[in-house]
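Generate coordinates for the entire structure from the input sequences, incorporating the hints supplied.
Residue numbers (numbering that gives the first Met the number 0), protein chains in the order written: chain A, 0 to 230; chain B, 0 to 375; chain C, 0 to 334.
Hints listed in this document are in silico derivations from the structure and should not be mistaken for laboratory results.
All C-beta atoms in this analysis are idealised placements derived from N, C-alpha and C, irrespective of residue type, glycine included.
A hint or two may mislead.
Claimed, not checked - Stretch by stretch, here's where chain C covers chain B in the computed footprint (C-beta under 8 Å, at least three residues): (1) 279-289; (2) 348-358.
Unchecked claim - Keeping only pairs whose Cα atoms sit at most 30 Å apart, straight-line, the calculated BS3-like set for lysine-lysine is: (3) A/K136 / B/K23; (4) B/K267 / B/K23; (5) B/K21 / A/K136; (6) B/K49 / B/K177; (7) B/K93 / B/K205; (8) B/K267 / A/K136; (9) C/K297 / B/K222; (10) B/K209 / B/K222; (11) A/K177 / A/K34; (12) B/K49 / C/K256; (13) B/K177 / B/K82; (14) B/K177 / B/K157.
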Amino acid sequence: MNRISLDNVTKVFNQGRPNEYAAIRGVSLTIEPNKVTCLKGPSGSGKSTLLSMIGCLSRPSSGRIHLGDQMISGLPERFLTDIRRHTFGFIFQQFNLIAGLSVIENVILPAYPLAPDHQSLMMRAHELLARFELDHKADSQVQWLSGGEAQRAAICRALINNPQILIADEPTANLDTKLSHAFMGQMSQLRKLGKTVLITSHDPVVFDSPVVDSVVELLDGSVFLGEEHAA
Amino acid sequence: MSFIRRQRYLVDYILSSMLRRKGKNFGLMLVYSLIVFMLASVMLFTHALKQEMGLLLQASPEIILQRMVAGRHDFIPETYLEKMGRIRGVTERKGRLWGYLYDPSVKANYTLMVAEDQALDATEVIIGSAIARARGIVPGDYITFRSFDGESYSFQIKSLLDHETEIVSADLVLLNRKAYRALFGVGEGVYTDIVLSVSNAREVPKIAEKLVQRLPDTRPILKQEVLRTYDAIFSWRQGILFVLLAGAIMAFVIFAWDKASGLSAEEKREIGILKSIGWETSDVLHMKFWEGAVVSLLSFFIGYLFAYLHVFYASASLFEPVLKGWAVLYPQFQLIPSVDGLQVATLFFFTVFPYVVATIIPIWQVAITDPDAVMR
Amino acid sequence: MLLNPAIMALILVSAVVVLMLGMATVFAVQVLRHWDISSGSEQQLILERRTYLISTLMSWAFAAELVSLLLFIYNAESMSGQFVGAMCATGVLNVNAWGWPTLFMKITLFFTGAVWLTLNALDNQGYDYPLIRLKYLLLILIMPVVMLEAYLQLQYFLQLSPDVITSCCGSLFSANAEGVAAEVTAVSPAIAMWGFYVSGVAVIAMGVIYLLKNQGATLFSLLAIVAFGLALVAIISVISPYIYEHPQHHCPFCILKSGHGFAGYLLYIPLFLATAAALAVGVVGPWQHIESLSMAVKVRGQQLVRLSLGMFILFYLLSVAYVASSNLVMQGVWW
Chain A
0 MNRISLDNVT KVFNQGRPNE YAAIRGVSLT IEPNKVTCLK GPSGSGKSTL LSMIGCLSRP
60 SSGRIHLGDQ MISGLPERFL TDIRRHTFGF IFQQFNLIAG LSVIENVILP AYPLAPDHQS
120 LMMRAHELLA RFELDHKADS QVQWLSGGEA QRAAICRALI NNPQILIADE PTANLDTKLS
180 HAFMGQMSQL RKLGKTVLIT SHDPVVFDSP VVDSVVELLD GSVFLGEEHA A
Chain B
0 MSFIRRQRYL VDYILSSMLR RKGKNFGLML VYSLIVFMLA SVMLFTHALK QEMGLLLQAS
60 PEIILQRMVA GRHDFIPETY LEKMGRIRGV TERKGRLWGY LYDPSVKANY TLMVAEDQAL
120 DATEVIIGSA IARARGIVPG DYITFRSFDG ESYSFQIKSL LDHETEIVSA DLVLLNRKAY
180 RALFGVGEGV YTDIVLSVSN AREVPKIAEK LVQRLPDTRP ILKQEVLRTY DAIFSWRQGI
240 LFVLLAGAIM AFVIFAWDKA SGLSAEEKRE IGILKSIGWE TSDVLHMKFW EGAVVSLLSF
300 FIGYLFAYLH VFYASASLFE PVLKGWAVLY PQFQLIPSVD GLQVATLFFF TVFPYVVATI
360 IPIWQVAITD PDAVMR
Chain C
0 MLLNPAIMAL ILVSAVVVLM LGMATVFAVQ VLRHWDISSG SEQQLILERR TYLISTLMSW
60 AFAAELVSLL LFIYNAESMS GQFVGAMCAT GVLNVNAWGW PTLFMKITLF FTGAVWLTLN
120 ALDNQGYDYP LIRLKYLLLI LIMPVVMLEA YLQLQYFLQL SPDVITSCCG SLFSANAEGV
180 AAEVTAVSPA IAMWGFYVSG VAVIAMGVIY LLKNQGATLF SLLAIVAFGL ALVAIISVIS
240 PYIYEHPQHH CPFCILKSGH GFAGYLLYIP LFLATAAALA VGVVGPWQHI ESLSMAVKVR
300 GQQLVRLSLG MFILFYLLSV AYVASSNLVM QGVWW
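Next comes the structure, spelled out in structure tokens:
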């Protein structure tokens, strides 16, 4: 079980230029494994920037990030990617499915660079789709899916490489309340499977949800307040 | 193994991506195929001509001996056949009579040659098929030539020359010795040149040396040298055309560069998604190079196929005037199809290689898209 | 100068390769000056991304060089009709003093490319890029070699004038001529074959030692270079006459022709691959002590040594088979 710990992490954009600004300033926090954690804050507070650093999508300008015992903050992109695709699954605000491809093709995309055996990959994909009640849509094009279906397809895609940690960036921004609740239900399901879930959101449906174990509030790139929820 | 499997996944992806955007590569492939088509046509055509020449010259004599007077080619006395004496290695020697005749009606030069072995009457000729075409005559018809002293002589056409050798026989007229002498006013006892057959090609230079010693006012022309000259001339013409086409290649390179760097917003987003879900820079690089490979192979194949059809089935109608020479009587003949590895490799370096080099930097720029770009 | 498309292609390729390496060198200098793996700055990220561009440029440049080596030989072969006395590639290379050096430079570049790309691939497996300075320094050193090759080739083609009487392989590789090529031919067949077998046994033995104990990578590479040289000598002096079934015909290029069953490809491809892989073993081997690479060194070293050994063994078996199955009998003459 890998705990994620951040130690005085800073991210500066446009370093050394007049328009330099710090999106994250000295954030230290710990994300416990097998919990649902929510990063909350208004837009522009640095939630997504922090999330992308935790998810190995980018590197901090300074400070350290540890994934378990391994320090990931100093790794070159090549190796960050390798860790990322084995450890993290991503769900994006816009779902970011590739139009023109079928649901199943979208789901298996993250596995391509790892080159698993095609048959077992397809089996895994169908299992996932079945679990999220999408199996009947496997061969339809993603642009014909409803919002809820697209959301579930995105979750399946995030899970295809069987990652330990799931990262969701504003997942409910394009969903109505009913679907948002359904999404949180799916997250709790994943937690029961032993996954760690990290969500950014400024949607009360998310951070007030009983599914969320802890909330970290960000304001102007710093941790504002941490409050514990009863699980 | 996993490397190959990964490439298969990448090829799979790029193929489906290209099928989704069929129109996107169309313009590029059109230009690409056109470039391949032009260069391949030039190469196939000259190569086939060169081969044709080689085949034809195979039958021609190893040595042609000409007499030089004041540095110019002149008639050679029959006595020279005796004077040169016996030379070891020479299997046959005989004098030839030939010359050029201008025909104002078709504005073309004919080559008139005495054919002793054809048993022609003094009023009979055998002509090349190009002449027959130009004058619109068939065997049995009459053809009239003006002699050196203004007289007109009519000849009956006995037959046409073999179609297969048309590249050299197009403008040829075979006639009787007497007719030749009457037309050109050439006296008895001289030939235009003397030809020698040599059975062992290695002895040719030695024999040529002896000839020059024994007959100091003659010049031997060796078949080897003629072949070499044709070889050089065809390579040269091919080279000149390539230089002329260099501008087109350059334009194509710029076009390819532009095409590779000007991705649509949708494609950029797609690559951003791939990077965010775990594709690495080198995965995207490989994928894009597979795209280049597919485009290149298809264009190369299409261009080459059309060039092949153009040269061997349409008689290279686009390049004929440049490459074959400037004669008025164009030979019309079917070239023997021949493809050669060196040519294909060279063509590859003129088309695919520039394309690859032109796309390296644009592809790299796409591949290093920030993985978190889709989150912004 | 001769203006034919193949020559133009070769000159074009060498010019473009110089250009590509020039670009790679500029980037390499920038990387060397500003590289700081521990920094999380944007500048460092840009440099890291540049390494992909450099790798790509180098891969394509060396791939192009390899194809141009083949094209160079094919072209020499096809031009043999244009030079008096040149009956095959040997004669055409002999037309002026630049022919052979160009060929040697092209072969050198092939091996250089194999070595550099191996080093690059190895370094990319260490999360802290431990060899980055070394490999980019090497890259800067390769630049003049590539320029030299381009220069030699250009000189060779510029000074190619047809109709210069050249010696064809018959005279160049006959034992009483002078020059390097003739000296190689004049090596007694017995000595050539002894060198061939001894170096073969030595390089294979050393390869097996490395395979089993993971030691002696450098020695293996050195032996491979020796074996490569002696193999070429043996091909010219002994093996090709057996293939041609003619004791005076020593040409190393004519065996590439269809008339001899493309025997040349069957010999040269394994030999060049084996030597390149052996050099790569020598490049990979010494970095076992670097913590971030030790695993990669083990895995890659074993892969490479297996490839090299397999190819060497294939090469020696084929050579012996050609000699054994030939109708030429030199018992009592050569041995």
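Hints and how they fare:
1. 279-289: It holds, with 3 qualifying residues against the three required.
2. 348-358: This one holds; 6 residues, not fewer than the three required, reach chain C with a Cβ under 8 Å.
3. A/K136 / B/K23: holds, 29 Å
4. B/K267 / B/K23: Answer holds: B/K267 to B/K23 is near 14 Å, not above 30 Å.
5. B/K21 / A/K136: holds, 25 Å
6. B/K49 / B/K177: violated, 36 Å
7. B/K93 / B/K205: holds, 19 Å
8. B/K267 / A/K136: holds, 27 Å
9. C/K297 / B/K222: With a Cα-Cα distance of about 63 Å, the restraint between C/K297 and B/K222 is violated, given a limit of 30 Å.
10. B/K209 / B/K222: holds, 17 Å
11. A/K177 / A/K34: holds, 23 Å
12. B/K49 / C/K256: holds, 20 Å
13. B/K177 / B/K82: holds, 25 Å
14. B/K177 / B/K157: Holds, at roughly 17 Å.
Checked against the numbered hints listed earlier, the structure breaks hints 6 and 9; every other hint is satisfied.
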